[in-house]
Each structure stands twice: as C-alpha cells, then as structure tokens.
Amino acid sequence: MTSETYTLKAPPKDAAVGSAPPRRAKPRVQKEIIATLARSIASGRFPPNTNLPRENDLCAEFGVSRTVIREALKVLESKGLVRGRPRVGTVVRDKEDWNLLDPDIIEWMGSDFLDEALLKSVLEARRAIEPAAAELAATRASAQEIADLDHAWQRMAAAEDYTAFTEADVVFHTVLLKASHNRVFAQLYGLIHAALHRALGASARAVADYKDAIVAHHSLVEALRLRDTNGARKAVDAILNLAERDLAHAAATERAEAAARLEQPNSPAQQG
1 MTSETYTLKA PPKDAAVGSA PPRRAKPRVQ KEIIATLARS IASGRFPPNT NLPRENDLCA
61 EFGVSRTVIR EALKVLESKG LVRGRPRVGT VVRDKEDWNL LDPDIIEWMG SDFLDEALLK
121 SVLEARRAIE PAAAELAATR ASAQEIADLD HAWQRMAAAE DYTAFTEADV VFHTVLLKAS
181 HNRVFAQLYG LIHAALHRAL GASARAVADY KDAIVAHHSL VEALRLRDTN GARKAVDAIL
241 NLAERDLAHA AATERAEAAA RLEQPNSPAQ QG
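Residue numbering for the sequence shown follows the numbering used here, beginning at 1 and increasing consecutively.
To be clear, the hints were calculated from the coordinates, so they are not data collected in a lab. You may find that some hints are simply not true.
[As the list claims (entries may be wrong)] Below are the BS3-like pairs computed for lysine-lysine, each with C-alpha atoms no more than 27 angstroms apart in a straight line:
#1 Lys-211 <-> Lys-234
#2 Lys-120 <-> Lys-95
#3 Lys-234 <-> Lys-178
#4 Lys-31 <-> Lys-79
[Said to hold, decoys possible] Ranges of calculated distance between the beta carbons of each label pair, as one might list FRET restraints:
#5 Leu-262 <-> Arg-54: 43 to 53 angstroms
#6 Gln-30 <-> Val-184: 32 to 42 angstroms
#7 Ala-143 <-> Asp-212: 25 to 35 angstroms
#8 Arg-66 <-> Arg-183: 44 to 54 angstroms
#9 Asp-212 <-> Gly-190: 44 to 54 angstroms
All C-beta atoms, glycine included, are put in the ideal place defined by N, C-alpha and C.
Take these sequences, add in the hints, and give me the full structure.
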C-alpha cells in the first residue's frame, strides 16, 4: 500500500507565539490527520522502533497547531500504535502491540491493506467457534433466525459485486452466532466484527465468482432447517476451507503485486 500525506494550508506566518489560542481542528480534519499518520505507520513509512517526526515538523506538514498534533498522537497511543517517551519523542510500536481488532485501526489501514497474519488469526478463531456454533444452532435456532439466514444467503446469491457479497456474508455469520444462543459466542463475534468484515472481504475479492461459497452457505441453511447437527458442522467446515483457500490466493496475489512494484524503475523503494 502506498503511503499518503494529507496537506493542509500552513498557518499564517505572522501568527505570534503566545497570541490567542489556536482554533481546534474540525473533527473531520482531526480524523484525517490521525488516519494519515496511522496509514503511514501501517505502510512501513515509519517502521517499528523508529520515531515519528517531531511535533513542530508535523505541525508544518499538516498546517495545524501543536495542540491538534498532540491530540492526534494521543489517539494513536491509545490504540497501541505509538508510545510517547520523554526526551525521546513518539516511537512506533511493534505490530504485535497494536489493537488490530479495533475498528478504527482496520478502517485506517484501508481496503487495500492486507495483513496476512491478522486474516489467518481470524480464520483460526472462526474454526474454533463456528462449527460448535452451527451445531448449537441446529438445535436452538428459531424459525425466524433460520429465515434470516436464508435471506442473507439469498442476498449473497444475488450479489453483483464483492462489496454486496461481503455485506451479506457478514450478516449471515452474525446471525449464525446469534442463532447458537450462546452469549459468549455472540459477544466474541462482536469483538472481531470489523476484522471479520475485512477477512470476508479479502476472501470475496480473491475469487472470480462465488458459486462454491453460495453452495456451501445454502447447505448450512438446509442443515439447520433439518436440525442436522452433523450436517451443520460439515457445511461450516466447507465454508471455512473455502475461506482458507481464498485467503491464501489473496495473500499470494498481494505478494506478487508488491514484488512487481519493487521491480518498477521509478518505485519509491528503488529511489530511496
């Protein structure tokens, strides 16, 4: 992913130190500054254990006051991306320290950012949860919940692009966890909802069509209708095997594209 720089108008040159307090940045501008810094960190522009630019330099780059920059850095620190150190500055933390399940971080990374380790971790979590949840749903799901799953499956089958398919897929798996009537399962999915959305989206973008996934999801709906616990587990296993295949393809594609970018004569990596 290419890093971005958000540039605002520089403050007036005649603004004197100690004059009237600077106006607070508008919420939209504040969010864009935070997002730009976060994306620069995620893209490797600022690698782990290196310092972000000094506050004065960030003020000049974004054209805002030190108060605004400090507020932005506090947000990044609360998410685990950086750590402020006296007389040292703001240091980028290792990715292992980031709160990667935080919806804000996932949004800041952008739809083009593919974190293979995170997606694998989400898949492992799904393998631990979904088969058991499907078995429970086969005995506990209400008629309305099964109807809701069927409606989500029909939306998947009718989807004309990966965005619509992903939205329906997220609904499907959210309903499945609720249909288990296991409160812990449902709350666990609440925690990883944003990461699940990213994982399902990466899977959907990796394939030319969704025929196999549509068939597997329909099999799960039918197993629940028949109250077939074994069939429900098998259907979920098939869904997760497809997800593993698609994520592997997505990761391989991303690596190939990254290598191609490095080979381009005018790429930033070769210029640096």
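*Quick one: which hint numbers does this structure break? Sort them smallest to largest.*
Per hint list: 5, 9 violated.
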